[in-house]
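In order, the protein sequences belong to chains A and B.
Heads up, my numbering is the position in the first sequence plus 10, with the first residue counted as 1.
Heads up, my numbering is the position in the second sequence plus 67, with the first residue counted as 1.
Keep in mind that the hints were calculated from the coordinates and are not lab data.
Careful, some of the hints might be misleading.
[As the list claims (entries may be wrong)] With beta-carbon atoms standing in for the labels, derived distance ranges:
hint: 1; chain 1: B; residue 1: 276; chain 2: A; residue 2: 15; range: 33 to 41 Å
hint: 2; chain 1: B; residue 1: 132; chain 2: A; residue 2: 21; range: 23 to 31 Å
hint: 3; chain 1: B; residue 1: 302; chain 2: A; residue 2: 53; range: 23 to 31 Å
hint: 4; chain 1: A; residue 1: 150; chain 2: B; residue 2: 302; range: 32 to 40 Å
hint: 5; chain 1: B; residue 1: 120; chain 2: A; residue 2: 13; range: 46 to 54 Å
In this text, a Cβ means the ideal position worked out from N, Cα and C, and glycines have one as well.
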Amino acid sequence: MRARPVPPSFAAGAARVFGLSLGEMLWSRRTVFLLLVTGAPVFLAIVARIVRGSGVVPLRVNGAAVDGGSIFGMMIWVFFLRFIVPVLGVFYGTSLIADEVEERTITYLFTRPIRRGAVLVGKYLAYIVSTTLVVLPSVVLVYFLLVPLGQVARTFVAFAADLGLLALGLAAYGALFALVGAALKRPLVSGLVFVFGWEQIALLVPGYLKRFTVAHYVQGLVPHAMPSEGVAAVLQSVLRDNPPALVCILALTAVVVVTLWLGVKAVESREYVLDQ
Amino acid sequence: MTIVAAEHLSKWYGQVSGLNDVSVSIPPGITGLLGPNGAGKSTFMKLITGQLRPSKGQVLVLGEPIWDNAALYQRIGFCPEQDAFYDRMTGREWVTALAGLHGFDERTAAAAAARAIAAVELTEAADRKIGSYSKGMRQRIKLAQSIAHEPELLILDEPLSGMDPLMRRRTVKQIKEWARNGTSVLVSSHILHEIESMTSNIVLINNGRIVAEGDVHQIRDLIDEHPHTVSIRTTQAHAVARELLADEGVVSVRFEPGGLIVETVRPDAFYARVTDLAAGGQFGPIHEITSPDDNLQAVFRYLVKQ
């Protein structure tokens, strides 16, 4: 009998699970869905580019032409932050443990000398990497399709902030829904209700309710100014009472740390075979 | 010394009892856990592998509680019953990745995986995707992942299910060899003959309780009183039936799509005969032999009446 190695620490266990899960996640059917979702803004940006190339202004607000940088800003806000990021968070986050339970492969991970919480953390890290690997290139494409080269130098800092914000948004929503997936029996339904029910309502209701949404802190970090009249003004009104950037960053970091910690606790105490 | 010790162990699923006040000590060596489907065997296996938390009582594996004790899995190998895999991975990738979860570096994990895959005679198919494996190959790659880290205790849940007769024989031989080399093995099955070919030490479980434990020969006579039903999957059912009907123990044969069902009162001799037929190959391939659990159920009914 050969000498056995020391069982991996929590961090080392998470790293091993990350390595095992990343390939599975990147080559899963869900990635096709992810490519379709992130491909939509790219498609729209290509259309806008073609329209502008033919001499027609693709978007006007009150008769005034909206420049490429502003269109990009609106796409970041409307498509990526309000739709793609939460949807990816729901679909990936809730499935981190639920998929393994449903496919009954969780047994192979939970009968190893690594803490169950490390399995969740490792899979969460794989989620972050696989989603950012697809989402961020899509944003870069949209940026270079919409923003004229002459404006790149002026808008690059805001663009870099967008990339950071998207990564933070993916991290926060992913951690929240990892907890939902670890703790609840029908996590996907609960996640969709949170994103398309609770967050939508809470953001529109005046008062403090919006503080209990992730979107409130994510949109507080949007570096772009929105058009101030017309339909877009409704969107702008939501942005008016945003907390300072530092508060948003701290709040989102707290969401990641606290929900992930609670997720670890949930995974370590639940008997998943009962769900099979 | 005991490898698994349960004391007044119970598990309830809401109002339903899965295991009821079980106390048992399982010694080193090979032990068979025998019981029909729904007897509580699966609950017991899940409790001793730490997948379920006892509702009452306690279970010690290698002297330690197993629930929430990740480090203990370094000494345990588990081959679950379910046919579940990461189908996109090759057998080698899968076993190597799981061995890596035991703390081996990449090279050592790969070497451990290669040894385990060779032990289950799957080296040639190791670089194929698991999704393309036959049922028997999938069973074997599951066995490989359970032994790659060379555990002290091997827990095997229905390990021979889906294997052809020759592979069953080889796997039984392999399991006995692991035991000879010092690994304790706890193997579950609903087929007495399978267990009997590995060990005489059995634990019988039914209706969530331990019905009997000890030497299999004590219940052997009971088995012989009940005709044993065996299902054989083969393309040449009539030729195989003709051959088997010559055996003294065979009391009936009936055909079904893709094979035949035989009743015998001499299961040991019968299984040996079928394995010889499969090895000889003169009646075409014998893909699978299975035994429905009603054989065992009859014995349990008898035991309970006693």
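Going through the hints against the structure:
no. : hint                      : result
1   : B/276 - A/15: 33 to 41 Å  : holds (40 Å)
2   : B/132 - A/21: 23 to 31 Å  : holds (25 Å)
3   : B/302 - A/53: 23 to 31 Å  : violated (53 Å)
4   : A/150 - B/302: 32 to 40 Å : violated (58 Å)
5   : B/120 - A/13: 46 to 54 Å  : violated (32 Å)
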